[in-house]
Amino acid sequence: MINWPNFVSQCFNGLVLGALLALISSGLTIIYGTLGVLNLAHGAMFMLGGYAGWVAYTHTGSFIVAIVAGALFVMLVGVVMERAVIRHFYTRPHEDQLLVTFGLGIVFVEAVRFFFGSLSKAVPPPPPLLGITPIGFMFYPTYRLALLGIVAVALLALYFVLYRTRLGMIVRAGIEDSVMVDSLGIDVYKVFMLVFGIGAMAAGFAGIVNAPVVSIAPDVGESILVQTFVVVVIGGVGSFPGAVLGGLIAGEIISITSMFNPGYAYVMLFVAMTLVLVVRPYGLLGTAGRE
Amino acid sequence: MTRQRPLLIEALTAAGLIAAPFVLPYLGFTPTTVNRILVWGLFGLGFDILFGFTGLLSFGQSAFYGTGGMVAAYLLTVLNFPHVVTAVFIGAAAAAVVGYLIGLIALRRTGIYFAMITVAIAEVFHFVEFNPLSDYTGGENGLPGVPTPGFHLGFATVNFDSDSRLYVFLAFWYFVGLVIALRIVRSPVGAILRAIRDNPLRAAAVGHNIHGYKLTAFVVAAAYAGFAGGLLGIMQGFMPPDAFVFDTSGQLVMQTAIGGAGTLFGPLVGATVWLYLSDFLQTTLHLGATWKLVLGVVFVLLVCFLRHGLIGGLADLARLLTRTAKRYEAPESDARPVSASAVAAAATGAPVVELTPSPRRPKPVGDSSTILRAEGLTKRFGGLVANDGVNFSVRRGERRGIIGPNGAGKTTFFKMLTCEMHPSEGRIEFEGRDITGMSVTEVCQLGLTKSYQVNQLFTRLTVRENATIAALAEKRGPFHLDLLRHVESVEGLTQRVEDTLNVVHLSERADLPVSDLAYGEKRRLEIGLALATAPSLLLLDEPLAGMSPLERVEMVQLLKSIGRGRTMIIIDHDMDSLFELVERVTVLQEGRVLVEGTPAEIKGNAAVQEAYLGGVHAA
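Same order as they appear, the protein sequences are chains R and E. Per our numbering, the very first residue in the first sequence carries number 116; after that it's consecutive. Per our numbering, the very first residue in the second sequence carries number -3; after that it's consecutive.
Isolated chain E (complex conformation) (with noise of 0.2 Å):
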């Protein structure tokens, strides 16, 4: 979206911060107030990372604000260390350590988890401070003396030792801070970490990492909250204990939800709204305590009535004024269901796009004309056995159907084969390599992966960002720190999300968000994802289910342009259409292997049709 102006953010961010010394005053921000605003903005660049983009919502950030502070704030005064900047980065160092070990902890699980374990953690940072480390912190009393910045320069020196001073000093680092956070959230990983918040299970089938970019936030989050905690001490030439108590890390959470999460600017918005109130409420209305518990108010509000903050508010806001005024335009264009020329394209056998994997990936071991053999796979569920000793292989180019009444185990047999699941006893063969027990994501790096049965698509992002994060993982493998790289620069990206859009014929609708969608485009875009990682072996979990009998005939013809040249499994319930598209059928019936056969020899079987209508047809 912004590669067309691509440095109009930081330019105008520039403008701003140059602006804000003289205008801001005017508005009744002091010059105090003005620098703390940067220093609770530059220290929300790193927790929007996390809580924005990745959706970990952290209330233990103090823990690493007052790390970073205390650091650095500890070798300028107690050891007289003579470079500020160069403290205040090993404190940002020392914050981003501590950060990697505790999020290898509160990592450990997701969600609500993750939020009481952070509380844990900041609350054991304050102990720690206050008591076993208070000869080194100051315990109460935090560090005075702390020294503020000067450089040098040969025929002069500046010392940035005012408040006005400080503010070029501070604003500097924030801008720093933030076209740094731009191109993080630019990059692959910025790409994936969307992805994670949206929807952690696909990102990690389509072959991501997940917890080793979660870990990734997680640190870059620390890093910033360090090195915010360093300015802290320099900007109030003291590190007061403070830093690291609870209501830090909970007036940065409000601050960031008041501004609008996900953003990188709501934080700095949030920090604006928080701190002129609280001045304001404070020395003009002379509420004295009780501006908490105005602002307090304000929050709850702003939480239950503005979903994204104030940022977001405003966008809405503008989205509404200009889609109304485009649907006046356009009425017809959006209308439109299906590319209709794509789909005859499909029949008359048009060219068939190649998605040719990356050379990366591991090349089959041995005979390599059996794709995929599976021995014995059983799964029991408490007493119930949903698999029985399955026997199963598929010949490379094959395109082999799976079907069965309900409850016989199809579903259950596909997880176990992606290792979404693992068997109780058996064992899987892909390639010729052993994948029991393997993880779902690095069967999706081997090339094996699934279309799923209800949607499981990255639905606040667009149809081409969806496509781009399957790619994304076959491309750089699945964990890869290129965080300041432009995610189109990735080699061969483009051009496989425009091939894979083509195939499912999304290319007119690529830069719609996935909630715009009609079910039948989004039931294709669910197949183009496990497509943009290039599988050797797709399986399709009831590709045609949910559709209606349009959709249907249009889908059985982009399955057959898929398969062409692919080896693919698929489960359907509509056994016209399955019939017409694969070579064998596989019948499973109470978790066992029932026969196999062509198509044909699978219509005529009694066994079949008694399993399927309880033999009154069986004649």
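Only chain R is shown next, with the shape it has when bound in the complex (with noise of 0.2 Å):
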């Protein structure tokens, strides 16, 4: 099984995994940094964009009307969710941030659950991307090509609000020291929402165009958020670069071992995230002092 092709494609599923890895933990990783708050919730808002995307899909049958569906619906979810309840909760303990976070994942999944049953659902990729395309001496999937640049469009995106946008400067600023940045007379509270209806909305795209891929179920959420978990320990909280580093390294894991025995993938993600833990405690591309 193993030979030269085989690998080759696996690691450009792991180039795939990685990106979309990427986007949903620049989401986490920038809602964490800004607002303090872990949101235990955020593989929901990848699972919610898949199904608000799948929806959009089955009434219009346009694959760009579900993305922007899914993403915007996210957004919205998550800036309501700031707004009606996290934001009751950023002078009280962390733990009682994961706890409420937590079981609004649950609720989210229930309810999907609920409204959708557990049997998953699938989106085809819109018709140029259908079929394999020849690169080199292997053949692959059309829609992983197109994904990947999808998904690098859209980190370009976040790159540019982050790094080039007022908003992401106040952003930046409110990850280094939000009091500061509260006390230069900008509302940081409309801040927060917007960064959590951002941070969601990462998550929520990444959920619809994976959609093609894997096909979306009420807890597909859940072992990307415990991947999510690994990519952000290994790049280090708050740090956009971070992310992005530590979702490639982590997709690459996946995918590779996954060609020897998909069973220990997690075991060599865990033991990736144990050697950075050991070697640089704060992640790849962290600081000390943000926790």
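In case anyone wonders, no lab produced these hints; they're calculated from the structure. Possibly wrong hints are sitting among the right ones.
[Stated by the list, open to error] Now the stretches of chain E that chain R is said to cover, found in silico as 3 or more residues with beta-carbon under 8 Å:
{"no.": "1", "segment": "102 to 114"}
{"no.": "2", "segment": "244 to 254"}
{"no.": "3", "segment": "279 to 288"}
{"no.": "4", "segment": "297 to 311"}
{"no.": "5", "segment": "410 to 422"}
Glycine residues also receive a C-beta, built at the ideal position from the N, C-alpha and C atoms.
Relying on the hints, combine the two individually framed chains into one complex.
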């Protein structure tokens, strides 16, 4: 089974998965960095994006509409969630924040199960991206190739928002010191709400663009959440470049290990995480003091 | 608190466990549900020690629950091991060993990192159980045929083979688990775990090896989880693989939060509510899979509005009622700011309370007239030089003041002396030992500690408990596993706590929670925490900061009484008070020693006046 084309194609799979994880983890990490809240419902955001997109797709038949609907819906969910619940938890202990987001995650998953059932749903890729494309000596599914591009564009867009806009400047300042930002006369609550929405949207967007590759089910976000955590621990909490680097590393580890034995994918991921924790406890690109 | 009626909780629990099988069926609980509640409750005892008492929220307990259960079930089914209870204990031991190894990794970080790492661990164990180890664990099928326990009593054989008989077996082990957990919670280790939950920084600073204690709590929780996992297999007659899934960890966390963390009974109460509701929603209301949605909503609402769970809510209610009553009885006794007689006594030179360190502390090395010597201490933060080549030495018994304008590097200098921060260059010698590079815990154990500029107290504990935490470190050393001993049985501890509270005039407030103290009282307790470790050198970082003029006068008297026969270094901006307290003064400016001398010399020094006033008054 293990031959050269197979290996290269697995590396490609790893790249696609890694880019996807990078996008989801960026969402998680900018929320944590700015608001100080670890969103355990982040996996559910991924799942909600897939379902919102699927609903839009079944009604319009357009993949583009599905992507837009999935991303916007999850952003809305994020904003409402921040406004209605999370805001009241900023002054409460970290443990309470973990508990409430964990509970919300369950509510989202079970609500989707209630409305759409437990059976998985599939969204086909748009017709131009069907089939396989020859690259060099191997063939690769066209949509996956396109997915790599789509996610890369989304990551670049996120980078642009974070590093080239006024909002991004406030967010990055907030990651360093949100009290200081507040005292500069910037309405941090408005920023927090927006950041939560954008962070959730990153996961939701990933959820819908991944739907043609892996069909969606209510609990699809659970394993994504775990992988996202590993990515963030490896890359460093609150670091956007760390999330991207960690995502790519995790994606490759999962894909390459799966080529030999899928059962060990998580073990290898865990080994990598342990190594990072031993050698660089704050993550590859993280800095001390962000806990 | 429970000292007067030492076995009350145990007795009430025993009575409850005996009554439960007669009462609960009338409330709609099936015998199977009651047994499951007990297993979850036992699982939760350990988890509550970890989460409720130590403040470490783990989402990975399923790993240990599954490990303990699988080891026990494997022994009993595949290897035909004959002793059921022994197998469960072996399972618990295996879980504890795994917990130790995992704890070494997970506890490298705290807070949300710890939570994320435990989530990942739970998932890894789940996958390992399902794939690489499926030959041993039965993979998706689990291990069927786990036998029920039976005992040969010579004349008869007792088999716990029906639900009601199994109840007796499970209730017995729950009771044993509870008694042990209560002892742990009431032990010195239990007190330190609570201190770690409230303020890990200070717990380490008063001389406790907090990493060791956190690891202990983690291992205890893993052992409980493993034991409960073993009982799960026995109860169901088969070891289900879903013990390993993440949902198991999640359910445990939710049940504990629903019942109330930090109470030991929270998980049991939470499991009762959870399992009852899930039975009720599924069988009576025929909601099918929707029950989990309903429970999820209930959980979210509970976390939002009832912070300390059901037990915490009831306790708050009870406290509210009794407090209102008390306030009507004695409106004035609480308002007295400070014991005036105590201050007067201190001022007139009342007997000095000696807080002698225990014999375990290492003796000074070599020349003992100089207690502290710092050479060429330099600290750089990037381009900023906070301290630059500071040379400093203090004689034994001396009271030294450090002054300097804001930003002179005073606090950084103190942080280096107490090893909270390591110098970029230079070395520090305390009682003839090189302490450069030591941890703050090690240095405190040697007899050097500090009271903080900003209060670092254990805010959820009482005044007495606060002092106890600090005294324990000195009495027991940095790490000691006296898990089953009552905290008050530590030799000389009660005396040390009483003496300390006397010195800082807080004896009358000893049983109040810290959050009820006035600011000046908190400030005195801050110093009390440092004193309770019986330091031979005490550093005080702005002890007068933020105090009212009256409080200042009291504090100066207090510091005078403490200072008799003790070496102290004090930083403060209130120069009149400071000059009254100390024998010599060191002036820091821009990270360097500007001048050193007696208060009179410093007062008249032109360079000092210039440093503070920009030379306006220089004449």
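Exercise. Against which earlier hints does the structure fall short, listed by number upward?
Worked result: 5
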